[in-house]
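Build the full structure now, drawing on both the sequences and the hints.
One line per chain: the protein sequences are A and B, in this order.
Take the first sequence: its position 408, counted from the start at 1, is 408 in our numbering, and no numbers get skipped.
Take the second sequence: its position 367, counted from the start at 1, is 1367 in our numbering, and no numbers get skipped.
Derived by calculation from the structure, the hints in this document are not laboratory data.
Quantities reported herein were computed from a predicted structural model and do not represent experimental measurements.
Check the hints yourself; a few may be wrong.
Unchecked claim - 20 Å max Cα-Cα, derived SDA-like pairs, lysine to any residue:
#, chain 1, residue 1, chain 2, residue 2
1, B, K1044, A, L107
2, A, K5, A, T76
3, A, K28, B, Q1479
4, B, K1055, A, T76
5, A, K24, B, Y1123
6, B, K1388, A, I337
7, B, K1036, B, K1088
8, A, K386, B, K1088
9, B, K1480, B, T1002
10, A, K28, B, E1300
11, B, K1357, A, S425
12, B, K1385, A, N71
13, B, K1065, B, K1088
14, B, K1167, A, R374
15, A, K5, B, I1372
16, B, K1140, B, P1477
17, A, K308, B, K1055
18, A, K342, B, I1372
19, A, K258, B, D1364
20, B, K1089, A, K5
21, B, K1388, A, D319
22, A, K345, B, R1387
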Amino acid sequence: MNNEKVLVIGSGVAGMDASLMLSKAGKKVILVEKLALTGGKTIKNEETYPNLDCSTCLVAPIQQEILQDANIDLLTLSTVEKVTGDEGNFKVTINKTARYINAEACLGCHMCYEPCPVVIKNEWEENLIDRKAVYIPCSGALPNVPRVEAEHCLRLNGQDESCSKCIDACMFAAFDFSQKDEKIEIEVSGIIVATGYELFDVSTIEELGYGKFKCVYTALEFERLFASNGPTEGALTLRDSDKTPESVAIVHCVGRDKVGYCSSVCCMSSSKHAHFIKHKLPEAKIYNIYSDLCLPDKTYQKFNTKVKEESSEFIFQTDRNKMKVSEDGDKILITYINNEEKESKLSVDMLILASSFVPPKDIEEITNALDIERDEFGFIAVEPHKIGSVETSRPGIFVAGCAEGPKDIQRSVLQAEAAVAGILSIQE
Amino acid sequence: MTEKIGIYLCECGPNIASKIDLDKVADELSRLEDFKDKELIIKKHKLLCSVGGKKFLEDEINENKLTHMVCAACSPRDHDATFINVCKKTQLNPYLYTIINIREQVAWIIPDMEEATKKAINYIHAGMNRVLYQSPLEEKQLDSNPDVLVIGGGMAGMEAALSVASKERMVFLVEKSEQLGGHASDLFGLLPMQGETLTSLQRMIAEVKKNHYIKVFTNTEVERIVGFMGNFEVTLNAKNNDGILELLAGAVVVATGFDLFDPNKLDNVNYTAENNVFNALELEAMINEKKKVALRSGEEVNSVVLIHCVGRDEVGYCSKICCNYSFKISNYLQKQGIKKITHLVKDLCLPNKTSQKFCNSVVDNGAEIVYIDEFKIDGQKLTYKSRKGEEIVLDADMIVLAPSTVPGKSTNEISKLLNLDLDEMGFFNEAHMKINPVSTNIDGVFAVGTAHGPGSITDAVIQSKAAGGKILTQLIPGQKIVPEVKVSEVLEAYCTGCKTCLQVCKFDSIYFDDEKGISVVNEAICRGCGNCIGSCPSGSIRSKHFTNPQLYQEVKEALR
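The structure is reproduced here in structure tokens:
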């Protein structure tokens, strides 16, 4: 029980908050992040509801603190392969993918991207823009160090071993292609899992036309479109065009009946999106098509009321499963069941689908590696007989944030702080 | 002694060096008229924040015995802390160093090199002026008491107590009423997703009572609390027999609960004690007591209407639990064999992954959900306007109202005792609603459960555990507390005793010395926000690292 190390998996707001708190209590933290950057989904948002705090201003100081904290060892591009042992004495195997760049030497000057000949879609930007094989996902990413992706890099995937364009462009000799993927073995006393969520794949509801009609967007695509560090630097231009929409519909509860729960975040984020659009395109006509307004915080209704008054017409639909979307020239035509239970039509330039939160695709790998149980929806299960528990089925392993189920930033942070209490109590 | 100022210019790779002529900067700074009686050491470095750069700075400070240092580099956001840490390894007091941002504020925004160079010289000169007027500040270390006072003996308060009590940390759990349990004791059961019904509450009460490190004071109120994190002096008034008690605590958890909105305040609701109209807590109590649901006359109930969102528009927020508990009641009624159950809702708020399924099960068992825009209750008569726009009269034996959650009666008192901020709705405010939700405006004081906003028992328990996490990491037994160094101070000679500063201080860090007739800053509590400085009509308060001469010297040069 005298192991002073703790493993935190996932560096979104929940994982970062837990790591900093544990460090303050004198613990050594190994913070494992699958991606090349910290910040989780929060940093995809330009602003957070309801106070419209700039997300970067909210999160960047925390990300910065993580990088500066001598008690926190951040392992990016890493995943957990296996956990053996018991509470107080876990043995963890971590797979760390090589970055091929020496972080100490790299300044994040970005000079290496331009010459890289490989062009692929940037998945972090919801595929709205291209990137290179050496890249950082978005400007402002922390740590501000690019990575070389072995799969696409010509030098590493064998297509052109002589390619050295990025190396030549680097003024700091930061590239190190001798780096190898590593297996790291550590011992920790407790583990916090904060691996987050994904959005429900809206293309599986064919009637809604996502993937078929180019002016249909997911909520996260819209967030990136609106973001000033995003693909269009915040210009709300329609896909493959430089036109801005004159009318936008935002549909709530997409996928709710497929997944079987309300995600509790989408009504507020959709209200926020209406506000964003109105702010940037004051002439645009905005519609929020909803079936219930889930506003689960004392401050949320006020924000929603303001959006209703200033930005958007809220339209009640009686049966959310009967919505159909088609294309009508340049327009998107939405057919829905209105408050009088009659079919109604709405024609807009842009459609945003606010879809449910679901467990990430690799949740099975995560829970198998940790040997913990999932609930009926696929999220990480908590101890069912204890109210407000953040304990997983395996003693010594705690869960926080959307890994446990859909929730907003506040409730993710609360679970992270609760998980810290759990970790500290096992160590006494 | 001549001041010896080290001025270090960071090239930041090409970021600064390619936009600013640093050699020219160094040359011009070395020839400044107003610094000719000072010793200047001006050097460039490729990357000051690198491992080599930090070592370079450390050696420079030590070898040259610098009295002051200016680093011209990037935004203080990025590397102020880095250079402060370098100073801490040396003899140079970190408050005799300053960072000047010539990257974001010069190199990155001024395309013309000549102009950028001129501006960089100007800014660094301003920093040199400022640093000469800075004073060395020393960090203090204060002893702290690890014990915790919890106010409120409901589930939130008990959970907070259980999550921090240990052999190194006593908890004083203070409950105003005769018994532990709070509102949860009035409930006939919990939601299915919250586990087994009331055994959870009973188990929790038993755990609290048998815990050697939790001292429970029932029938007790908090009379007075003064102090700051690590050192709160608490006076309790135990109304049974102990009388006034004094104790010390390092942290305070406020878990004072909620009240229900009174539906009769609504213009559209009018009923008396004879009508079969109940609010949800009354019905809970009836089920608790009689183990069945009956009309006031004792007659059997055949049809029930549950109205959600009662008072929502008036209080201005969704209480987030009413939909769930209305379905809990419905589920109970269905088990009692009552078939005709109607829910009148404005929106369904089901913010828990298992709530939708529970709601669906109640509907599958025959309950009807009707979306409405308005309703009216007059005695036993219920009319509503449906979402379709139809006016409908609904005949039901029993009407159950789910009123909004409002702040508990003692919220106001407690906020005054502790100087806690309330939000516009009257609940306790969070330090930051997103990223610091259980902390308050006062360090060491935490608000949990419905005292801080509507929420379920699950929410309350998680908040309490979170407050536990905060306390366990902020108030470690035996560890000293290091208060903020860059605090305000009152210059006695100038203070007129107007007390304006006492009103604007958000942290309760200023007190009034009646004998001297002046305000005094408690440096252990002050966070250096500067509110008091701006408010002081006689200019008698200053911030220790942002004095007028410091700012004047810097601005004077920057504006030249």
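Verification of the hints:
Of the supplied pair hints, the one linking K1044(B) and L107(A) holds, its CA atoms being roughly 17 Å apart against a limit of 20 Å. Straight-line distance between C-alpha atoms of K5(A) and T76(A) comes to about 18 Å, which keeps the hinted pair within the 20 Å bound. As the CA atoms of K28(A) and Q1479(B) are separated by approximately 17 Å, the hinted pair is consistent with the 20 Å bound. For the given pair, K1055(B) sits about 27 Å from T76(A) by alpha-carbon distance, which is inconsistent with the 20 Å threshold.
For the hint linking K24(A) to Y1123(B), the alpha-carbon distance of about 36 Å lies beyond 20 Å, and the restraint is violated. Simply put, K1388(B) and I337(A) have alpha-carbon atoms about 12 Å apart, close enough for the 20 Å limit, and the pair holds. With a CA separation close to 29 Å, the supplied pair K1036(B) and K1088(B) exceeds the 20 Å bound. At most 20 Å may separate the alpha-carbon atoms for a hinted pair to count; K386(A) and K1088(B) exceed this at roughly 47 Å.
With a CA separation close to 37 Å, the supplied pair K1480(B) and T1002(B) exceeds the 20 Å bound. Between K28(A) and E1300(B) the CA atoms are separated by roughly 63 Å; this puts the pair beyond 20 Å, and the hint is violated. In summary, the hint linking K1357(B) to S425(A) is not supported, as the alpha carbons are separated by about 34 Å, beyond the 20 Å threshold. Of the pairs offered as hints, the one joining K1385(B) and N71(A) is violated, with about 61 Å between alpha carbons and a cut-off of 20 Å exceeded.
Note on K1065(B) and K1088(B): the hinted pairing holds, with a Cα-Cα distance of about 14 Å set against a maximum of 20 Å. Straight-line distance between C-alpha atoms of K1167(B) and R374(A) comes to about 35 Å, which puts the hinted pair past the 20 Å bound. Pair hint K5(A) plus I1372(B) does not hold up; C-alpha atoms about 55 Å apart against a cutoff of 20 Å. The suggested pairing of K1140(B) with P1477(B) holds, with an alpha-carbon distance near 18 Å, which does not exceed 20 Å.
Restraint check for K308(A) and K1055(B): not satisfied, since their Cα atoms lie roughly 57 Å apart, outside the 20 Å limit. With a CA separation close to 17 Å, the supplied pair K342(A) and I1372(B) stays within the 20 Å bound. Pair hint K258(A) plus D1364(B) holds up; C-alpha atoms about 17 Å apart against a cutoff of 20 Å. About 26 Å separates the Cα atoms of K1089(B) and K5(A), which puts this hinted pair outside 20 Å; it is violated.
The straight-line distance between the Cα atoms of K1388(B) and D319(A) is roughly 13 Å, inside the 20 Å bound, and the hint therefore holds. The straight-line distance between the Cα atoms of K345(A) and R1387(B) is roughly 18 Å, inside the 20 Å bound, and the hint therefore holds.
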